[in-house]
Amino acid sequence: MNERITDIDLMQASQGTSTNAQGYALYVVLKQSMLNDGKIRLSLKGASPMSSSFLNSSLGELIDEFGIDRVKSSLSLVNYTASQARILKEYLTTYQKYAKK
Amino acid sequence: MKKEIIIYSQFSEETWIQFLESKRLQKNYIIALLEIEIDLQFIQTFQIVSLACLIEEYSQAGIPIRFIRNNSLADEYLRYIHFFDYWTQGFDRNAFTRSGKNTTLALWKIDQSRITTYADESQKYFENLFFIGKDLSSLHIALMEVFNNIYDHAQSAIEGFALTQYYPKTQRMNIAICDFGVGIPTKINTIWAKQSRKPMSDQDALRAAFFNRLSTQTTPQNRGFGLSNLLGNIRNIKGDLSVYSNRAMIHFINSNVNYRGLTAYLQGTLVRFSFDPNNLPEIEPAIDNEEYFF
Chain A
3 MNERITDIDL
13 MQASQGTSTN
23 AQGYALYVVL
33 KQSMLNDGKI
43 RLSLKGASPM
53 SSSFLNSSLG
63 ELIDEFGIDR
73 VKSSLSLVNY
83 TASQARILKE
93 YLTTYQKYAK
103 K
Chain B
5 MKKEIIIYSQ
15 FSEETWIQFL
25 ESKRLQKNYI
35 IALLEIEIDL
45 QFIQTFQIVS
55 LACLIEEYSQ
65 AGIPIRFIRN
75 NSLADEYLRY
85 IHFFDYWTQG
95 FDRNAFTRSG
105 KNTTLALWKI
115 DQSRITTYAD
125 ESQKYFENLF
135 FIGKDLSSLH
145 IALMEVFNNI
155 YDHAQSAIEG
165 FALTQYYPKT
175 QRMNIAICDF
185 GVGIPTKINT
195 IWAKQSRKPM
205 SDQDALRAAF
215 FNRLSTQTTP
225 QNRGFGLSNL
235 LGNIRNIKGD
245 LSVYSNRAMI
255 HFINSNVNYR
265 GLTAYLQGTL
275 VRFSFDPNNL
285 PEIEPAIDNE
295 EYFF
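So the protein sequences, as listed, match chains A and B.
Using my numbering, you'd call the opening residue of the first sequence number 3 and step up by one each time.
Using my numbering, you'd call the opening residue of the second sequence number 5 and step up by one each time.
Cβ pair distances, simulated, as ranges:
1. A:Gln14 to B:Gln116: 19 to 29 Å
2. B:Asn293 to A:Lys33: 20 to 30 Å
3. A:Glu92 to B:Arg201: 21 to 31 Å
4. A:Lys47 to B:Lys105: 28 to 38 Å
5. B:Arg28 to A:Lys91: 43 to 53 Å
6. A:Ser78 to B:Gly66: 49 to 59 Å
7. A:Gln98 to B:Arg264: 25 to 35 Å
8. B:Phe100 to A:Phe68: 39 to 49 Å
Derived by calculation from the structure, the hints in this document are not laboratory data.
What you are looking at is a predicted structure, and each value in this text was computed from that prediction instead of being measured.
By construction, the Cβ of each residue, glycine as well, lies at the ideal position given by its N, Cα and C atoms.
Put together the whole structure using the sequences plus the hints.
In structure tokens, the structure reads:
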């Protein structure tokens, strides 16, 4: 069975990676795909550096809603730098360590 | 009654905090004019942003501001970065103003609608002019963490001021940001009081803000990562960081942490960080032929 894969361009979805509002815009798009039970292939092409506010309002909210395991298994990256992948992996790892649930 | 702020000798960071405390606007005083003279060979980044906050405090209270100008190097430098212009009629505070020195961005009064632009433009400016091929993402992230902290937590009527400068001779980038909000320890202890938790000393609260994933939950998205992310990014480029807030200071250099109480009190937060641009990483190419799975 072919898994549904949704390609999302981060910068198109959020218009930036610095503020809570930008993070929330990304969260809305990611959530929709998660609700459709598909995989998300997230392109980081041209993405500016990501603040904690942005990560909290996007990935953090997604983890609170769907759980860390589901987010990790649903999400992959393309057009990324090694640092970006490391930062996102660290965020997920740290969140898992300190999350309420 | 005229109030004077005369600066003619050098200060350490801690004695500067004492000086600031002594000059803050007191509610019951009637002041007709604030007169400022700065007669120094050198004025530091942290002094400039906090002095700007102090002057703005008087200005917002409707008190006229007058500068006594002189031929000192500090006065010249402040002119280059448009310091005096902020309290001069006709100056457009909403525009990003070009500095008279290409190694320093003009003093910037923080504006929530433009914090991303400031971080973006600061990064691009220094990458394109001085550090070609180097990645200044850490500067971008550090600026955004401090700016977001001001708007999420500080409750600062002044909002704050920021200054980003490069010293080619000493190979050092110096950045300072100041707000006159409630201060980090006060914020933490206020929330803790509501949760019936025992208050911490200012220095313990300030330290905990960096290490203990403390979240004041001021916004629903807060998860206590902001200050540790600020520290992590500065450490990645082997920089140092100092934060003064309420009656506490914390200083990070290399892997060392020094935190303690202060005799003076800063209502607000003063963040200063610096790094050697030779420690900046190279700009990384994107990996476009491989998918990354967590």
